[in-house]
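Visitor: So the chains spell out like this:
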Amino acid sequence: MSARVAVLVFPGTNSEAETVRICRDVGLDAESVHWSKGASLPKYDAYVLPGGFAYEDRIRAGAIAAHDPMMDYVIEAAGEGKLVLGICNGAQILLEAGLVPGTGAVRKPTAAFTHNAPSGKFICKHVHIKLVAETSRCAITAALPSGTIIPAWSAHGEGRLAATPEHLNEITSGGHLAFVYAHSDGTVDDAAIPNGSALGCAGLTNKRGNILAIMPHAERDAWNFNHPDLADRENILAPSGGAILFRAFAKALS
Amino acid sequence: MLHTIAIKLKIPDNAAFSALTALRRLGVDVERVERADIWQFAGPGSSDDVATSVKRNESLFNPNKHVLEVLESPSPRAGETWISNIPIPGDVPPGSSAGAAKHYVAWRLFAGHDRPADKATVTSAIEKLLCNPAIERAIT
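If you read the sequences in order, they're chains A and B.
Numbering-wise, the first sequence is residues 1 to 254 according to the working numbering.
Numbering-wise, the second sequence is residues 1001 to 1140 according to the working numbering.
Rather than coming from a laboratory, the hints here were simulated on the basis of the structure.
Hints may contain errors.
Calculated from the model, a selection of chain A residues having no Cβ within reach of chain B, i.e. all distances over 10 Å [to be verified]: (1) D45; (2) G81; (3) I123.
The list that follows gives simulated cross-link-like pairs (lysine-lysine, DSS-like), each with its CA atoms no further than 25 Å apart [unchecked claim]: (4) K1102(B) <-> K1008(B); (5) K1065(B) <-> K1008(B); (6) K1055(B) <-> K121(A); (7) K1128(B) <-> K207(A); (8) K121(A) <-> K1065(B); (9) K1119(B) <-> K1102(B).
Glycine is no exception: its CB is placed at the ideal position from the N, C-alpha and C atoms.
With the sequences and hints as input, model every part of the structure.
Guide: Printed below as a string of structure tokens:
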């Protein structure tokens, strides 16, 4: 029996359709759950917070959604060890909820994905992210060898990891850095970072390793038709590189 | 001389309403929330001259949806907090192209009967929602 995955929809979420679709493509029993149906959340095995502009990014990206009643269920489920994946705006929500990196109390954020630097502008760019967490560190990526490169689309105005120097040290020393921006060959340098993100961070995990927050959209590079190289023109619906992350997610739930 | 200009919406402010709803859910006792962008300009001349200049800058002010107020004090009023982003090296501060020296988002909280919220309420609102200390600073 497939694991049941809830893809949360807040007012302003806009990536739930492709997120549900890739979850189903990798064998998960996924469905979107509207913010008015939050009470149904406990029955799911895992949760995905997709991209978009929840509550129009009012106050700060993810700030209002982090206090939405749906997040009460997610926080409780995460505490029980269920898997939670946040993508882009979903990642911003997880940081605002204090779940990731989780170095402070719940709903007391110690970091944020905030305005891109130096431009301060929205960026839409194809990128590659490199898994830097050890295999055993994050349950969602446990099926992937460290160093795995995943193609994805960065589409955000607020994707730069920012925190105080003390909290950045905690992120590093605690092994919370899951993904960094890299070139397609895996080399890591400043030129690969599209948004000025501290530590070159593209994704973070929590202390327990059951929550993953990534900024780039792997689900938007999950099929050939949305990969820039269109590797297989004969089969545009064939899986593309971004599907790797969701296969690992499914394996973690099997 | 420092000139302090507040620009707020004259149409319904959805962000302020969301803040009000979220704060109440978090147990912060507020009846009304107002939000404004605070722009501070350093330089000679009168604040009214600066206000006239700001009104001509369509990246800061849209007469169809904004009202502008010249503030006498360069710091938050009773019941109010000003939030600013912690600057990072190489960052381009908002409004710098218009000559602004500093930008804040002001949240003004009111208790019953339009009284400004007390200091404890404002502090609670800052800690629970209005400021992420990882990236922002709040002054009251």
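Visitor: All the hints need checking, so say for each whether the structure fits it.
Guide: Okay, the hints, checked on the actual structure:
Look at D45(A): its CB is around 28 Å from the nearest CB on chain B, clear of 10 Å, so calling it non-interface holds up. Chain B leaves G81(A) outside its interface by the beta-carbon criterion, the shortest separation being 26 Å against a cut-off of 10 Å. With 10 Å as the threshold on Cβ separation, the claim that I123(A) sits away from chain B holds: the shortest Cβ distance comes to roughly 15 Å. Annotation: proposed proximity of K1102(B) to K1008(B) holds, straight-line Cα distance about 16 Å (limit 25 Å).
A hinted pair counts as satisfied when its Cα atoms are at most 25 Å apart, and K1065(B) with K1008(B) qualifies at roughly 8 Å. Distance check on the hinted pair: K1055(B) and K121(A) sit about 24 Å apart at the alpha-carbon level, within 25 Å; holds. Only pairs whose Cα atoms come within 25 Å are accepted, and K1128(B) paired with K207(A) is accepted, the gap being roughly 23 Å. Annotation: proposed proximity of K121(A) to K1065(B) holds, straight-line Cα distance about 23 Å (limit 25 Å).
With a C-alpha separation of about 24 Å, the suggested pair K1119(B) and K1102(B) falls inside the 25 Å cut-off, and the hint holds.
Checked against the numbered hints given earlier, this structure breaks none of them.
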